[in-house]
Amino acid sequence: MKNKLIIFLIGIFLLFTGFFSVHMIFFSPNVKLNKDSVLIDIPDSTDFVALTKILKPYLRSEKTFEWASKIKNFSKVKPGRYEIKNHWNNNNLINVLRIGKQVEINVTFNNQNSLQDLAGAVAKQISADSVSLLKAMLDKEFLKKTGFDKNTALLMYLPNTYRFYYNTSAKKFRDKMWMEYQKFWNEKRKKKAKDLDLNPIKVGILASIIQKESNQKTELPKIAGVYLNRLKKNWLLQADPTVVYAYQQKYGKDLVIKRVLNKHKEVDSPYNTYKYQGLPPGPICMPDIRSIKAVLNPEKHDYFFFVADMKNPGYHIFSKSLKDHINNANSYHSGLNKLGIYH
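In this note's numbering, the protein residues as written are 119 to 461.
Worth flagging that the hints you see were computed from the coordinates, not collected in a lab. Some hints here could point you the wrong way.
Only pairs whose alpha carbons sit at most 20 Å apart, straight line, appear in this in silico EDC-like list of lysine to aspartate or glutamate [stated by the list, open to error]:
hint	residue 1	residue 2
1	K351	D315
2	K340	E298
3	K294	E337
4	K294	D257
5	K150	E180
6	K194	D162
7	K290	D313
8	K181	D165
If you anchor each label on the Cβ, the simulated ranges turn out as follows [unchecked claim]:
hint	residue 1	residue 2	range
9	N224	K301	43 to 53 Å
10	L256	L457	34 to 44 Å
11	K310	N152	23 to 33 Å
12	L256	R216	14 to 24 Å
13	N213	N333	45 to 55 Å
14	K263	K312	18 to 28 Å
15	K194	N224	21 to 31 Å
16	E201	K309	22 to 32 Å
17	K290	N229	44 to 54 Å
18	K456	K309	16 to 26 Å
19	S155	N228	21 to 31 Å
20	K290	S146	36 to 46 Å
21	S146	N224	54 to 64 Å
Even for Gly, the Cβ is constructed at its ideal location relative to N, Cα and C.
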C-alpha cells in the first residue's frame, strides 16, 4: 500500500512537472527586445531552419521555440513582414507566423516620369524587384484588357499612398493599382471627361502637360482651359513641356533645358506639339490628382495663349490674341536675356 502511494505521488509529481515544463515552453516570455516591437522580413522560400536564424537575435531561447513549434506542428513558413513584440511568448509568436498575420505597409509614389522610375521606386518598398514590376506593368495581355498601351500605361498609377503587404507580388501590385484606377474613374468623372470630348486617358495626358507648365494649384484650371480652347479650334497645342520631353527623349534625359529655342521645336517626335496636332501619344510625366481634377474642372474663358510672368515668378500672363501674346512673349524673352539664360 505504501509503495502504491509513493508511485502515485511520483506520478503526480511527474505529471505536474511535465505540465509545468510545457507551460513554460509555450507561455514564458521568449522575445527579448530593447524596444516595444520590431519588424522582421521573411523572404519567399524560407524554411523553418532559416526562420530560426532570422528570429535568433530576438529570442531568449531558440530551443524552446523549436520545441513549441514541434509540439504545435508548425513548420510551414509564410513569407512577409511581421511585427513581433517585446516579451512575447512562443505561443504568441507561432500563432502570428502560422496564420501569416503580416503588418501592412505604406507604399508611396509620385513624380515618376516613366514606368522604369515607378518600378524602381516601388521596388524599394515591397519585396518585388523592379524587373518583375516593369514586366507586369508592360504585359501585353494586361494592357490590351485594360485599354492602355506602352505609351499610356503610366497613367494607370495614380500618385498617392497605398496599403500593401511587404511580400506583394508584381502582378498583385499592378492589379490593385488597376482597381484603384477604376475607383477613381467613377461615372461622374467619366461623364465630365466625355463632356470635354475626352476620355480618362486623354485627360491624363493633358494633365501631365499642365502639371509641367505650373506648380501653382490655382493656375492649373486656367491653363487647362487654354489647351482645351486650342483643342476645340484644332490648333496646335504648342506646349513647351512637350518639346522639352521630346528633345530629352531623343538627345538625353539628363539634358537641362531652361529656355525652349527654335532648334528644340524642330525635333521630330509625336510628342512635339509644335509639329503634331492634338495630344501626344502618352503622358510626359505622372500627373497628380490635382492636375487631373484641373482638366476635369477647367476654367471657362477666351484665352488661347500664356507665357511666364517675369514680374511674378511661378505665375503666367494670359492673352486672348496673338498680338498680345507676342508682346508678352517678347517681354519674357527680354527678361531671360537679362538673367543670362540663353538655352
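Hint check against the structure, violated hint numbers in rising order: 2, 3, 7, 9, 11, 12, 16, 17, 18, 21
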